[in-house]
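**Student:** Below, each chain spelled out in residue letters.
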Amino acid sequence: MRCGFCLPACPTFRESGVEPESPRGRIALMKAVVDGLMEPDGMFRDQMNHCLGCRACEPVCPADVKYGQLIEKARDAIEDHPNHSLPVKGMRKLFFKGIFPHRNRLKVLGGAMKFYQKSGLRRVARETGMMKLFPRHLQQMESILPDAGVHGVVEKLGTVYPAKGTPIARVALFRGCIMDVMFAETNCNSVKLLSEAGFEVVIPPEQVCCGALHAHSGEMELARDLARTNVKVFKEMNVDYIVSNAGGCGALLIEYDHLLHEDAVWKEQATWFASRVLDISKLLLEYGRLPSFAESSVSVREPIVVTYQDSCHLRNVMRSGAAPRQLIRQVGNVIFEEMKEADRCCGSAGIYNVMQPEMAGQILEHKMENVNATGARYLLTSNPGCLLQMKLGLEKHSNTDKMEVQHVVDFLYERLI
Amino acid sequence: MLDSALAAQLRAIVGDAHFREDKEARITHSYDGTPMLQAIPDAVIYPKSTEQVSAIMKVLSAYKVPLISRGSGSNLCGGTVPVQGGVVMVMHRMNRLLELDTDNLVARVQPGIITADFINHIESLGLFYPPDPSSMRISTIGGNIAECSGGLRGLKYGTTKDYVIGLEAVLANGEIIRTGGKLMKDVAGYDLTKLLVGSEGTLAIITEATLKLIPPPKSKMTMLAMFRDLYGAARTVSAIIESRIIPATLEFMDNPTIRVVDDFAKLGLPLDMEAILLIEQDGDPETVARDIEMIRRICEREQADSIQVAADREEAERLLTARRSAFTALARLRPTTILEDATVPRSKIADMVRRIKEIAQKYNVTIATFGHAGDGNLHPTATTDARDAEEIHRVEQAFEEIFAAALELGGTITGEHGVGVVKAPFLEWKIGASGVEVMKGIKKAFDPDNILNPGKMFAKETKKRVIIHHG
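Heads up: the sequence lines are chains A and B, in that order. Take 125 as the starting number for the first sequence in this note's numbering and just add one per residue. Take 4 as the starting number for the second sequence in this note's numbering and just add one per residue.
For the record, the hints were derived by calculation from the structure and aren't laboratory data. Misleading hints may appear alongside valid ones.
[Claimed, not checked] Here are the simulated DSSO-like cross-link-like pairs (lysine-lysine), alpha carbons at most 30 Å apart as the crow flies:
| no. | chain 1 | residue 1 | chain 2 | residue 2 |
| --- | --- | --- | --- | --- |
| 1 | B | 269 | A | 464 |
| 2 | B | 185 | B | 61 |
| 3 | A | 391 | B | 269 |
| 4 | B | 197 | B | 164 |
| 5 | A | 197 | A | 221 |
| 6 | B | 365 | B | 433 |
| 7 | A | 190 | B | 269 |
| 8 | B | 467 | B | 443 |
| 9 | A | 464 | B | 51 |
| 10 | B | 269 | A | 197 |
| 11 | B | 466 | B | 164 |
| 12 | B | 61 | B | 197 |
| 13 | A | 280 | A | 515 |
| 14 | B | 26 | A | 190 |
| 15 | B | 443 | B | 164 |
| 16 | A | 391 | A | 221 |
| 17 | B | 467 | B | 360 |
| 18 | B | 365 | B | 351 |
| 19 | B | 466 | B | 197 |
| 20 | A | 359 | A | 197 |
| 21 | A | 155 | B | 26 |
| 22 | A | 464 | A | 520 |
| 23 | B | 443 | B | 433 |
| 24 | B | 466 | B | 443 |
| 25 | B | 67 | B | 446 |
| 26 | B | 223 | A | 464 |
| 27 | B | 351 | B | 159 |
| 28 | A | 464 | B | 221 |
| 29 | B | 185 | B | 164 |
| 30 | A | 197 | B | 26 |
Generate the whole structure from the sequences, applying the supplied hints.
**Tutor:** Right under this line is the structure:
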């Protein structure tokens, strides 16, 4: 099917306006490689990497083409013949093999970052101009990173958290890597919100990285290993739902059945797992006893304008774009202002903004024009990558005094009555 | 591969970034929306102005290298597949609205503007441009003009040809011509404007168009009539027209189409219906209400199972958008979807629907049917598998017979998609050998060296007419 209905939905096509930068174009290139019409050369590899993997093309595809699976396969095939340049290789190895799969190393990294941020090293680094040694986009990234910490949600709240009132169900929190290192507070708030809504929450401490960044970058075997561990750990917990508060993680978790569909041993359990995955907004809204939310700041009577940036994976893969919006609207004094093109990728896309700074920067600039046009006091989102990118956007293209970026969960938690 | 001196000249005209000979660019311009067709061009070029197009054509005509102009490549007749190689010219960079003349109610646009963007802009200013091909969210106005696209509003408002009143175009030799203008009346010589609309890029490259705009209708109502009897639905279409009502939209979907469209758009359509009619009327509120009521009565008389009126504009838009996805949505069923474009007089819709069904059975192929029933334009669509050569052969036979049936009922081989590669073997069936000769003469007058979109419209050989067995 080559109808081209996917083209207007694709952020990279929108920025460049050329066919190779579109889902239809990329699929044609993949097919050309399979048909032997072209070699998977450097240009091919670059084009596959240029895709954000936001999967905005999927919900608009009447033919139901599974683009996400195609691009993962293409990247996996590229990884089988790796010819990355040395720095890229190093960076990938560091992220995918060295850090994300290892909980303790993440913690060490979190600790090191905290030390860097708190000890004055950051100040020294910035003032001495040491950061200038890094590429500009990394410098900018460094400046918006939130305070990291060694203590994640388990260290803070334990592994079981009781429900308020009669429990509706037992749910397991998927804590994520970045979420638990940089946004541990959001994880804690998630647990407390779930408890308020009547869920008993368990947090299996042995859970590992979801594998999304690996899968999207063609490291399929690593992703599958991580998935097997998670399936095992969560299965033992015997829970009703597995709840995610990061769209990027949730989207892979919900597809574990596909990820492990060729694995005779794990297939069935992966299906058990995938069928239980829900995003926190949807769980709260549709299954919970929703608590009341109110504007808790001093200026109680002042209405606050709030806008929402979709997490692509939450919207396009988990198909839960409506739930966070409905929750936000539940808050007293909130005027929800829908942002133009809120459903378009912000350019974060896993580690895309690190690997493809130019395209990511261009996309972010357009995004912030739309954000600013809403006149919002709060810009909310549902994924750590988007959260960081939006903070970066705020720093670069907006007024940090007038706007604040938050995870939906934190915004809601602060307004619990 | 292009001659290197030629390539250098083209590169000099548009700049390095806008002339590409690499595999990536060539492969991604080797196809359009048509299944099972692919041919790799030698180069791809992206001009920015009429002057550049003219300069490019001067070079190409000197070297006698083919040129295929295209917009988004969403057409369904193979019209933009570079079957004889050459240079593909992408018009996306020429996408400006040049002038909006509200005194004369006309707009001047460049060809690369996306149709839906243009329509949205025009509507935001309280004006109306009716042609609305299902591909409008991606297709360009230039592409619409080249193929003379139709759409869901064709029944009442006509198609692209009824709204193009002036053109600027570059000839094969690089010269620039202007036809028509902002004039509502103009009989100075042959009507070259009308000739170029629907000429499929074989006569000239359209670089600018003057489009007629009209005031928008004051109100609209949309309804769905569902039928357990396929022919009841088809008869309803004829009955509505007979009773002197011209709805803005009168669309037909059979059961397989209903199922896939609902699977995509999640509208909650009844999946056990044999056919659904999607009907929209617009105009003054009183007229709309009266027409919709009369249509409702006709539907009831033809034993519609149930009739629903869309609650609001949003619901109506969802229904229309879902219908526009029908062709692609059918790809959910089998790997290859071959959509055709047979058109009959509106009174013959029921006969044509019946014929299609019989022909599909005869050749043991699956053909879903949907389309703009109100203007007699049906899209029988085979869901098949390109890897099964034997089945594809049967599909081809079935379509040949469907075209023959359409002609027999006083219809045509294509209502809105154009001839391109796909219908070229059947063109003579419709217009006769003398008709083809006249058209070839016109082609020669415009493009003596046959470098503009060669291999389209005129086939080397015409298919033999199939013999239709009656009873």
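**Student:** Honestly, which of those hints from before does the structure not fit?
**Tutor:** Result: no hint breaks.
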